[in-house]
Amino acid sequence: MIYIYDGSWDGLMCVVSRVANDRKFPDDVMRIAKDAPILLECERIENDSAIASAAEKTLRRRVPSDFLYDVWLALLSDASGVDGAILRALSMVWKKGKHGMADLANPYMKLLQNAVRRTGAEHNKFLGVTRFCDVGGIFYAPIEPDCDILPLLAGHFAARLSDQGWVIHDLRRKKAAVFDTKSWIVTDMNLPAPPLSTEEDEDIQALWREFYKSTTTRERLNPKVQRGNMPKKYWKHITENPQDFPNVTVLSYPSGKNE
Amino acid sequence: MLMQKLAILADAAKYDVSCSSSGSERKNQPGGVGNAYTAGICHTWTDDGRCVSLLKTLFSNECVYDCAYCVNRRSNDRPRATFTPQELADLTIHFYRRNYIEGLFLSSCVLKTPDDTMTELIRAVTILRKDYRFGGYIHAKAIPGASRELIEPLGRLVDRMSVNIELPTEESLSMLAPQKTKKSILAPMSFISGRIEERASEKRAQEKRLAVAAPAFVPAGQTTQMIIGATPETDFNILRLSEALYGRFSLKRVYYSAYLPVNEERNLPAIVTPPPLLREHRLYQADWLLRYYGFTSGEILDESLPSLDDALDPKTAWALRNMQFFPVDVNSAPYERILRVPGIGVRSAKRIVTARRARRLRHEDLKSLGVVMKRATHFLTCDGRAEGMLFSLEKLRRFLSGRPSVQQLTLPFDPV
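Read top to bottom, the protein sequences are chains H and X.
According to the working numbering, the stretch in the first sequence is residues 1 to 259, in order.
According to the working numbering, the stretch in the second sequence is residues 1001 to 1416, in order.
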């Protein structure tokens, strides 16, 4: 049996509730968006907020909240195969508590922790590489992350850029976090064309590109380390222009590390 | 015009390697913009692979000093520029609102006198903090020779301050930077660390409700930088100095900068000499051992062994000289011993100590914890079981130094 659900937190809680009632794990858990296998027996678990909140309340009695936070991060990772591992790991922590949480060598825990790290790493990366441009009183930032990090980014930028309206647009998921200087929400968004930046903004972008170029030490070119930290998939929406150096001899040592 | 200034002054500032934005918990003020992020955030990486976190620029490169190693020295024929405090503050805010940067790293050449320079830096930072209520990260240089009366107010406005020690000994300093003295560098450094310590005890008193709130002073601590390879000091001299700086002035970081010849000078390496990048890299590794791994400089090097090994990282080199310390058993050894195993970093060591509470760890478990076993396997056991190939010490040394990446380097040393 394979359970199909929508990939949301509430959806997961409904799956948990079902598994707890049946006292039986499904062979796998999958998300609606992904291709569901046709040959195997599937069952769609519908979202029910009453069931979800009851299941969450029960879980919170025995499962530490930092572990539930990890489960949420793992859900956001959109990593393939993570849903089944989450279910098994949750059940282990339910049974063994802190002792179960420490068992990092357990294969399900390992999958879950890898997913947590995947979300965490991309969250961290986008705290840096998200680029806003002024489109006329509102600051607009397009992103295309692998993980569903909008809620994580929104909290950060609401605390930081608290006196300007902004929109962070996840082009891949067609969703956006919108902030009006008081609170933020995540909403569906599909724009026919990217909004245009103001003239002043274009000038500031040019200044930033000049700074980026000037701060490079030409004698120490090291595209390998640059790409290791900022893979090319992130270049599309950043303002600056990293260079392609096909013929540079790569030095295999990093320069001064920053923490 | 602003574009030209930025190009000149950012280019002139790039020899400062520090760009970290960590260690501060500054909050956003109502009606203001920005906050600090304790772990620091990298915003982009330049083509030389370095992280850009801050708008790193000089306030001015119109220098009255004539230091032999410095590209901005008075006697060099170079384009010169100076920001106004307002220009610099505006630029910082514009960049910050677009999330290009975490904040500002402000340094300067010596404009007329050290105190005149400091006054300008204070003006720029004051506009940011007071007029714009800017809560982002600011790292400022204390100019060597500046008076305490100016270091104090700057320290209250910024998150981090640094004074570059530049060269490891007084002799080298007097030869290459005749207008700087050991005293002009160490005096502000010691003043800053004294004030940080005072502030910490004020804070403790405050928590016990014995005193009223005192303003923060350089909450993210101070750092320094040393030039490597311009003068004849050994790695051992340098590490001993770093250790002393960490101990005496509680520095957060010592940065090492491989000397890149920018001036033709009798006392310095020729202009075609490539920067000693591998040496710089090994010094950073050794520095990590001092700060996070509980090593002393005397364990890493000594008078009879004054240079770090080109072919081996300093921890592996130490391990091969101290085989009596091994093997370390992952199921019973304390954290500090596990941390000394080559190939095990702080993160892996912590994971091992956590995971072994749940079960006895086997070799295959270590792999799934993310431990890099290539080196580690020769130095550890799991419940007494060893899995490393049984090499003689000499063979093991050759095996561990035979990294193919060494062959790709275009640096002036022989790959082993």
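Read the hints as simulated data drawn from the structure, not as lab findings.
We put the beta carbon where it would ideally sit given N, CA and C, even for glycine.
Keep in mind that a hint or two might mislead.
[Stated by the list, open to error] With a straight-line cut-off of 27 Å between C-alpha atoms, the simulated DSS-like cross-links for lysine-lysine are:
#1 K1130/X with K182/H
#2 K1130/X with K96/H
#3 K1367/X with K98/H
[Claimed, not checked] These stretches of chain X come out as covered by chain H in the derived footprint (C-beta under 8 Å, 3 or more residues):
#4 1067 to 1076
#5 1141 to 1149
[Claimed, not checked] Over 12 Å on every C-beta distance to chain H, these chain X residues come out as not near it, computed from the model:
#6 I1122
#7 T1126
#8 I1127
#9 D1302
#10 K1367
Hints versus structure:
no.	hint	result
1	K1130/X with K182/H	holds, 23 Å
2	K1130/X with K96/H	violated, 53 Å
3	K1367/X with K98/H	holds, 22 Å
4	1067 to 1076	violated (count 0)
5	1141 to 1149	violated (count 0)
6	I1122	holds, 23 Å
7	T1126	holds, 20 Å
8	I1127	holds, 17 Å
9	D1302	holds, 25 Å
10	K1367	violated, 9 Å
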